[in-house]
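Student: Take these sequences, add in the hints, and give me the full structure.
Keeping their order, the protein sequence lines are chains V and A.
If you're matching positions, the first sequence starts at 767 in the working numbering and goes up one per residue.
If you're matching positions, the second sequence starts at 1424 in the working numbering and goes up one per residue.
Certain hints may be false.
So the derived label-pair ranges between C-beta atoms look like this [as the list claims (entries may be wrong)]:
#	chain 1	residue 1	chain 2	residue 2	range
1	A	Arg1446	V	Thr973	42 to 50 Å
2	V	Thr973	A	Leu1507	47 to 55 Å
3	A	Gly1511	V	Asp971	21 to 29 Å
4	A	Ile1464	V	Ile774	37 to 45 Å
5	V	Ser988	A	Leu1457	47 to 55 Å
6	A	Val1494	V	His914	23 to 31 Å
7	A	Gly1504	V	Asp971	42 to 50 Å
8	V	Ser892	A	Thr1579	54 to 62 Å
9	A	Thr1552	V	Ser988	33 to 41 Å
10	V	Ala960	A	Ala1555	41 to 49 Å
11	A	Val1501	V	Ile954	54 to 62 Å
12	V	Ala781	A	Leu1588	22 to 30 Å
13	V	Gly1019	A	Leu1525	24 to 32 Å
These are computed hints drawn from the structure, not numbers from a lab.
Cβ coordinates follow ideal geometry from the N, Cα and C atoms, glycine included.
Chain by chain, the residues:
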Amino acid sequence: MKIPTPIITLIVGVALAASLLFSSMTAVSAKKAANAAAAASAAANAGAASTATAAATSTASAAQPTGVGASATTARSPSASPSPTTSLGFVIPPHANYAGKVQGNEGSVAIVVHDNFAIAYFCNGSTQEAWLKGTPHHGKLSMTGKNHASLTANYALGHARGTVVVDGISHIFSIIAVHKPSGLFQSIAVVRGATIKAGWIVLADGTQVGSLEPNANSADPSAHAAPKLDVSSLTAQDGGTTLVATPIDAETGSGF
Amino acid sequence: MAAQWEPPAPTRLDPVQPATSARLLVVPALVGCLVALTLGIYGRLHSPTGVAVDVVGFSSPATVKAWLATVAVLFAVVQVGSSLVMYGKVPWISAPSWIGGLHRWSGRIAFIFTVPVVVHCLYALGFQTFNARVLVHSIAGCLFFGTFTVKMLALTRRGMPGWALPVLGGLAFALLVVIWFTSAFWFFSIFGFRR
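Tutor: Next comes the structure, spelled out in structure tokens:
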């Protein structure tokens, strides 16, 4: 039986979509494998933060998958490593909020870029967390925080990717742009002489992760899990203290 | 087997009017609904990766998609024009013999150009609702592929009512323009024509 041509059109479309989807998935999963290897080497080098970062980025770039060719378009893998050539010409938004989990689900990271200043927060909902500051430069970020925390990232319209090093452990991330009510929230309060600083990352799916530094002014502040942030009232109950959170938002510039 | 053969109940065929029935649209419409729902639900449930395969020669996925969508809309304009000529709606042009081929091929090309765009949208970005533009774009995107499926399936059936194809084609075109307006037009108006 002869297949009618409109059906062939549909079949060709579905086949093209499937091949593109498949090549996207292999590109992303190959990147995940590279990141797992990088995370392993990072863990081995824990303590020597700079070595870990170098190992992570080099492993990721060495393991770049070769693209699966699709019929209408030539496919290639998205570049996993920050390289200057691929970032050239990307659309760089002046204001952007990014949030997402790091590879391996060992925490979440949020980056907020507002004109020529950027704030980032990494947190695993427990003891590991870091606030970072930096200056964006043509779609590139190099940020630093207390206790040798560092973050390097490339960002463009819709997504950001890079590496964050906290407590000597390197995490690779590829995160997307988020909008209210998702994003980064911060609360600073002075209770009996101690500065309490809490941070929450609300992800695109509404889940949140937060940590609290009971004594934020120390050089290496310790942290524990933050109480749940009520996203509608922007408050959280820490024992008897009500913490009031401020969104760190690129669009309004609040928190900067 | 004691069943006895019985002659079929006599049916009276009307010899004057060809049998047209809108009921023939039921199955294509259901398949189209299924396509639209599948895309929407996948886009909502799948957590967006932020990345997918890139296309060589462009600076970022957003620019690739804006240009692919623009090309698709241009071919879709050819679609509407050629169908108007085919249906004899343009009085001063008599349909040339190649108009059917032009209509079919412009449609195929337009459709193929939309496929990489929708794959990137659904895989990397997902069905999003954070503002009116994005919500309208997400809904129209799902509906477009549903409508296109209905139109393709409807083409294979004989005895459709005369309004079926113009309505489906017009709907697909309108949805494509809404999609383009809420994405590529928005993109170009903010970031300028860039590659």
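Student: Do serine 892/V and threonine 1579/A keep their Cβ atoms within the hinted range of 54 to 62 Å?
Tutor: Given about 59 Å between the Cβ atoms, the range holds.
Student: Assuming the hint says 33 to 41 Å, is it satisfied by the Cβ distance from threonine 1552/A to serine 988/V or not?
Tutor: holds (39 Å)
Student: Take a look at whether the Cβ-Cβ distance between serine 988/V and leucine 1457/A falls inside 47 to 55 Å.
Tutor: Taking Cβ atoms as reference, serine 988/V and leucine 1457/A lie about 54 Å apart, which means the hint holds.
Student: Please check whether glycine 1504/A and aspartate 971/V have a Cβ separation lying inside 42 to 50 Å.
Tutor: Holds: the Cβ-Cβ distance is about 44 Å, inside 42 to 50 Å.
Student: Using the Cβ atoms, figure out if valine 1494/A sits within 23 to 31 Å of histidine 914/V.
Tutor: Hint violated: Cβ distance 49 Å, outside 23 to 31 Å.
Student: Cβ-Cβ distance between arginine 1446/A and threonine 973/V: within 42 to 50 Å?
Tutor: holds (47 Å)
Student: Between alanine 960/V and alanine 1555/A, does the beta-carbon spacing fit 41 to 49 Å?
Tutor: holds (45 Å)
Student: Starting from the hint 54 to 62 Å, judge whether the C-beta atoms of valine 1501/A and isoleucine 954/V obey it.
Tutor: Given a distance of about 60 Å, which is inside 54 to 62 Å, the answer is holds.
Student: Is it true that glycine 1511/A and aspartate 971/V lie within 21 to 29 Å of each other by Cβ?
Tutor: At 53 Å between Cβs, range violated.
Student: Is 37 to 45 Å a correct range for the gap between the Cβ atoms of isoleucine 1464/A and isoleucine 774/V?
Tutor: 27 Å Cβ-Cβ, so the 37 to 45 Å window is violated.
Student: Would you say the C-beta atoms of threonine 973/V and leucine 1507/A sit inside 47 to 55 Å of each other?
Tutor: holds (51 Å)
Student: So the hint says 22 to 30 Å: do the beta-carbon atoms of alanine 781/V and leucine 1588/A match that?
Tutor: holds (25 Å)
Checked against the numbered hints given earlier, the structure breaks hints 3, 4, 6, 13 and satisfies all the rest.
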